[in-house]
Amino acid sequence: KNQVEQSPQSLIILEGKNCTLQCNYTVSPFSNLRWYKQDTGRGPVSLTIMTFSENTKSNGRYTATLDADTKQSSLHITASQLSDSASYICVVSAVESNYQLIWGAGTKLIIKP
Amino acid sequence: GAGVSQSPSNKVTEKGKDVELRCDPISGHTALYWYRQRLGQGLEFLIYFQGNSAPDKSGLPSDRFSAERTGESVSTLTIQRTQQEDSAVYLCASSLITVYNEQFFGPGTRLTVL
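Residue numbers (the working numbering), protein chains in the order written: chain W, 4 to 116; chain G, 42 to 155.
Incorrect hints may have been included.
[Stated by the list, open to error] Below, in silico cross-link-like pairs of lysine to any residue (SDA-like), each with a Cα-Cα straight-line distance of 20 Å or less:
hint, chain 1, residue 1, chain 2, residue 2
1, W, K111, G, P148
2, G, K98, W, N5
3, W, K4, G, Q82
4, W, K111, G, L80
5, W, K4, G, G100
6, G, K98, W, Y102
7, G, K98, G, T71
8, W, K60, G, E143
9, W, K111, G, Q78
10, G, K52, W, T43
11, W, K4, G, S99
12, W, K111, G, G81
These are calculated hints, taken from the structure and not from any lab test.
Bound-form chain W, shown alone (with noise of 0.2 Å):
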């Protein structure tokens, strides 16, 4: 069954600190891998997508990596802001149904002053 997991389910840090958020999918066959930003009472924004081949991306203060061998991925928030404060899902294609994404739960992420 195509599935993603997310951990933590929720995490607070203080402002300024760095952090990293896991991922592990169970999608076969895999096609790429998201991860959203989404605000509370807002939808879900892209930070970055990434194919098979790609091992890291990077969206300002974000970067993503990924390792397609051990079907797992991270998001690691450098100099984290108030503003971070987020559920960060991380978001799953296959190749027969690149339209039809498989969602993880999200981790809540509180930034602290």
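Take the given structure of chain W and dock chain G to it, following the hints.
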């Protein structure tokens, strides 16, 4: 507007009533998606439109749910005889048809069924 818009932003209704939720996608985006997000949970796929056709309706939870799209633009999600378990945020997204199909989301409609 440049983004996906949805209306209403909030809808409170009584159990048993019908509701219509509207989505205006980004102009030129041929693909449109509806999702449901229950409180504290991940997104749940409902239906996918390519143009005005819906090749995948597999996520619609029951025959009380239906959706249509016209003019390769606006889409309406209709829920008949609403139940309390229908309470959720309903999100719409649109995309171009590319290898990535990057989806751009609207702000959602928060539906509360009393």
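Quick rundown of the hints versus the structure:
no. : hint               : result
1   : K111(W) to P148(G) : 18 Å, holds
2   : K98(G) to N5(W)    : 18 Å, holds
3   : K4(W) to Q82(G)    : 19 Å, holds
4   : K111(W) to L80(G)  : 13 Å, holds
5   : K4(W) to G100(G)   : 16 Å, holds
6   : K98(G) to Y102(W)  : 12 Å, holds
7   : K98(G) to T71(G)   : 16 Å, holds
8   : K60(W) to E143(G)  : 16 Å, holds
9   : K111(W) to Q78(G)  : 15 Å, holds
10  : K52(G) to T43(W)   : 18 Å, holds
11  : K4(W) to S99(G)    : 16 Å, holds
12  : K111(W) to G81(G)  : 9 Å, holds
Violated hints are absent here; each numbered hint is respected by the structure.
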